[in-house]
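Protein sequence lines correspond, in order, to chains F and S.
For the first sequence, the numbering used here begins at 116 and goes up steadily by one.
For the second sequence, the numbering used here begins at 32 and goes up steadily by one.
Because the hints were derived from the structure by calculation, they are not lab data.
Hints are not guaranteed to be accurate.
What the hints assert, rightly or not - Lysine-lysine pairs mimicking DSSO-like chemistry, simulated, CA-CA at most 30 Å apart:
1) Lys198(S) / Lys760(F)
2) Lys499(F) / Lys436(F)
3) Lys499(F) / Lys517(F)
4) Lys736(F) / Lys155(S)
5) Lys721(F) / Lys229(S)
6) Lys733(F) / Lys229(S)
7) Lys242(S) / Lys721(F)
8) Lys499(F) / Lys566(F)
9) Lys532(F) / Lys518(F)
10) Lys150(S) / Lys229(S)
11) Lys721(F) / Lys210(S)
12) Lys518(F) / Lys356(F)
13) Lys198(S) / Lys713(F)
14) Lys150(S) / Lys72(S)
15) Lys760(F) / Lys150(S)
16) Lys566(F) / Lys532(F)
17) Lys532(F) / Lys341(F)
18) Lys736(F) / Lys150(S)
19) Lys736(F) / Lys198(S)
20) Lys341(F) / Lys554(F)
21) Lys715(F) / Lys229(S)
22) Lys715(F) / Lys198(S)
23) Lys713(F) / Lys210(S)
24) Lys210(S) / Lys211(F)
25) Lys733(F) / Lys174(S)
26) Lys760(F) / Lys229(S)
27) Lys155(F) / Lys120(F)
28) Lys733(F) / Lys242(S)
29) Lys715(F) / Lys174(S)
30) Lys211(F) / Lys150(S)
31) Lys499(F) / Lys554(F)
32) Lys210(S) / Lys760(F)
33) Lys198(S) / Lys721(F)
34) Lys174(S) / Lys721(F)
To be verified - Computed, partial: chain F to chain S, Cβ under 7 Å:
35) Val228
36) Ile229
37) Ile265
38) Ala268
39) Ser284
40) Pro437
The beta carbon of each residue, even a glycine, is placed where N, CA and C say it ideally should be.
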Amino acid sequence: MHSFKNMLSSVWQTLFGDPIRAFGVVSLLLLISLAIAPAKNHFSEWRHYQEQYLTLIRSRGDAVTLRRHFQEGIQQIWHPELGVVDRCTTCHVGLKEASLADVSTQPFRRHPVIPHPVDQFGCVMCHRGQGAATTVEEAHRSTLAWEQPILPARYVESSCGQCHRAPLSGTPQLNLGRNLLARSGCVHCHTIKLSNGSPMQATDDPPPLSHIADKTTREWIYAWLKDPQAYAVSATMPNFKLSDDNARDISAFLIASSTPLPGDTAPVAASPSKTPTDPTAGASLYGESFCASCHAVQNAAGNVVGGEVGPELTRIGNKVKPEWLQVWLRNPRIYDPTTGMPHFRFSDQQITVLTGFLQNKTDSDLLANVHLDPATPEQIAHGKTLVTEYGCASCHEIPGIKKPENFAPELTRIGSKPITQLIFLPGMPHTLPDYISAKIRQPRSFGSALKMPQFSLAPAQVDALTTALLSLTDRSQTLPVAWTVPATPPSTYQPAGKAGQLMADLACFTCHTINGRGGEMAPDLTWEGSSVQRQWLKDFLKNPNTLRPALIRRMPRFNLSDNDITELTDYIMTVYQTPAFDRDAMPASGYPPAQVEKGKELFYSKYACQSCHIVDTKNDKGYIGPTLTQVGARLNAAWIYYWLKDPQALRPGTIEPNRNMSDEDARALTAFLMMQRTSSRQEAKK
Amino acid sequence: MRTRAILIALLGLMLCGCSHKRTALLVGNYGTTLVESSGGKQIGAVGTTLSQPVVVQVNDDQGTAVVGAPVVFSGPAGVSFDPVIGTTDSSGQLSTSVMLGGMAGRYQLTASTLTKAQKRVDLKLEEIALGYQQQVGFQLDEKYCARCHNPESSPERVSNYDNLEVKPHAFTEGDTLNKISDADLTSIISHGGPALNKSALMPPYGYTLNKTEIQALIGYIRLISDPPYQSSGIVYVQK
């Protein structure tokens, strides 16, 4: 102890023994402490990367150019209106250098081409992470003070969705995800408020259950509730994982609460025994009516073939009662006034044939093990409780049950949900994307008492939904208007008068778009009146013959009366006219033979139209565009002319390329095409 | 990088046969060759899981499938496999789902197995990841080009390839397309086949697609070409 004291005093003597010595030592200490900050700066992580970059470019051919572009020190991109400070370019120095495309070591790789200028837009707007940080750990990963790590590349499209409300061609995953949010029933239970304050609307149409007892049996409801996908693999109804007793009680309640269908529900008079029909008549009527354009059937190989607009019909015979099916086929709007199914105007004979055909689509295993005793009042009461608890009325119209409000958590800002508010499963990465995707994949793994049902989604669909949900951030809600790219508001176009009623009855909007409203399966009819000739339209509505032989989905025949056809034709020819040109600007006939001949030459040589269109059925083979053998009797001459000049101006998004045609060429081609009036059948007769 | 380290470690352990936990793999059978059953040459967006799994089969020297042979998958940074390691099933195959990395480009994946002599046998597979630009190009291809340039038909889109007198080149045909420069490809797309003395059946798209779209299309064509396209890059004058 004593020696230690001695030592201390001798050290003190050496350092501060006399004033000069003390002054020297204190100055030295001061100098060292002053040097700490510059040293820390000198040995910082970002400086290390910048030096590495300089070494990298030194050996390259364009070293001088790259050196000139390089700026030393901390770089920053600042968006004060968004509160974004982005210093990523301090280390990611080569983002803009096209010649660094072959450099695969990060952080020096060139950024792939995107529509935004990287040096102005910054990185964190798309990739998230902490932009103000200047170390890798803080910028890329979540720290105690910062929750948002870099977004995994698979979800990066979600960032586009914060500003872009409309679908973009470069973000297929986001588009699909948004589509699925509206289509899979998510928004029936979860509210998603769009930035303009209106809630996202569901695009699916779950059937009303008010008259369910007329349509199907309790046994089928039971089997369906237990496992919807066992009935139809493509069914969108999720699996609620109900116990046998719960499924029994819900089916009991639904049958008990069902009311008989009002209106004309008498079954058809014609009996099939009186007129023995061809056994293949049902299949051919199903084919001729193009039922497969909307309805799918699972084939022997297990593939679901057909459209997705209506429900799958593989086991329809197990589901619906024959009497109901007849009423439905006669006029679907009696049972469901808002259905997308057209009113086909089948004859009683046809209804009998089609009912017989559909009733044979059964699977003997489906209901083989379902035996239900008659329902007791307790079961029915319990069923009602369950229907309320599970929120069935969020999607379906059920008598005696009100549609619940705010049934499930609102998802308007789910993409910014703090991680501290989430409960993760053991072994799960603690990130928001992992949480959302696990919730969608297996909701009940978070607790067997949870209500959210099990959806049958493919992995790509789960990723798409996660992407769409991650785009619903605080920023997407609070973005300055100048930054947003708004979506076109959904159209509520409704045609007027008797024709309007007819078009609703025929469900034209299920397939055709008019004035922004409707489906995408069939051509846009907004300017149809300028496009076609009256007589052709009348003939087409009477018997729709195909224009595109390669298409599987086609317009069905609705068996319209002459009055209805005239009504529709008049309306289309009067109302659906484009203001872009005068429909009588070109004559229908009387073109000089020389001009027609020149048009023919242009058609086959200069413009090689035959690669996509058929004019001469013997030699031409192209079948991308419509067959033009009778185009002179189908289209209006002015339409052909203006179409040739600029197809996209008349129908945005059409795939026929704009050929930048001269007026003279367009006129000659119009002349040639207007001469094509004979059908192939007439030609063969000659 | 961490996953790669784990992979190397696992493979090392297998090679030494000194792991107690992994002995189950070593007890299994051994083959001599590894062949691809399916799943190679797929195209997916960056960071996404490929739509089809990668399936490889282990064969012995007679060419018959080996059951219970160990297989390890590995790939460049960012690629992940599920599962990374396993033994072949009753048909001698092992299937894994592959998630691509965050960078656009070609990803070379390796499946490895061990022979009886503890020698490592590798099988190389290639997958393609589309970045933003190539993704846009892919969509344009689907909309405008594939109807003629892709001989395969699908229920949604019947191919017009057979109807054309002069057959268009498939976009994967690297032997032909790699020889055409970006500038020439741009000309053909913008001005049609006759721009380079090719068939008029190829119409001009310069008034339908904008410059960015044409660039995106070329970016996509270059990425999917087989054999791979080697960019000539910037040529510098020698001193």
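When the least beta-carbon distance from Pro437(F) to chain S is tested against 7 Å, hint result: Because about 31 Å separates Pro437(F) from the closest Cβ in chain S, which is outside the 7 Å limit, the hint is violated.
| When you check the alpha-carbon spacing of Lys715(F) and Lys174(S), does it fall within 30 Å? | holds (28 Å)
Discussion item. For a C-alpha distance cap of 30 Å, please report whether Lys499(F) and Lys566(F) respect it.
Written reply: Holds, at roughly 16 Å.
Check whether the Cα positions of Lys198(S) and Lys760(F) lie no farther apart than 30 Å.
holds (27 Å)
Item checked: Interface hint for Ile229(F), Cβ within 7 Å of any Cβ on chain S -> Hint on Ile229(F): holds, closest Cβ of chain S at ~5 Å, below 7 Å.
Check your understanding: Taking only the CA atoms, is the gap from Lys198(S) to Lys713(F) under or equal to 30 Å?
Key -> holds (27 Å)
Within 30 Å, alpha carbon to alpha carbon, are Lys198(S) and Lys721(F)? Within the cut-off at roughly 18 Å; holds.
* Asked: Any CB of chain S closer than 7 Å to the CB of Val228(F)?
  -> Holds. Min distance 4 Å.
| request: Take a quick look at whether Lys499(F) and Lys554(F) sit within 30 Å of each other, Cα to Cα. | output: holds (27 Å)
When you check the alpha-carbon spacing of Lys733(F) and Lys242(S), does it fall within 30 Å? Cα-Cα ~39 Å, so violated.
With a cut-off of 30 Å on the C-alpha distance, tell me whether Lys736(F) and Lys155(S) pass. violated (42 Å)
Check your understanding: For the pair supplied as a hint, Lys760(F) and Lys229(S), is the alpha-carbon distance within the 30 Å limit?
Key -> holds (24 Å)
Hints 4, 10, 15, 17, 18, 23, 27, 28, 30, 32, 37 and 40, counting from the list given before, are not met by this structure.
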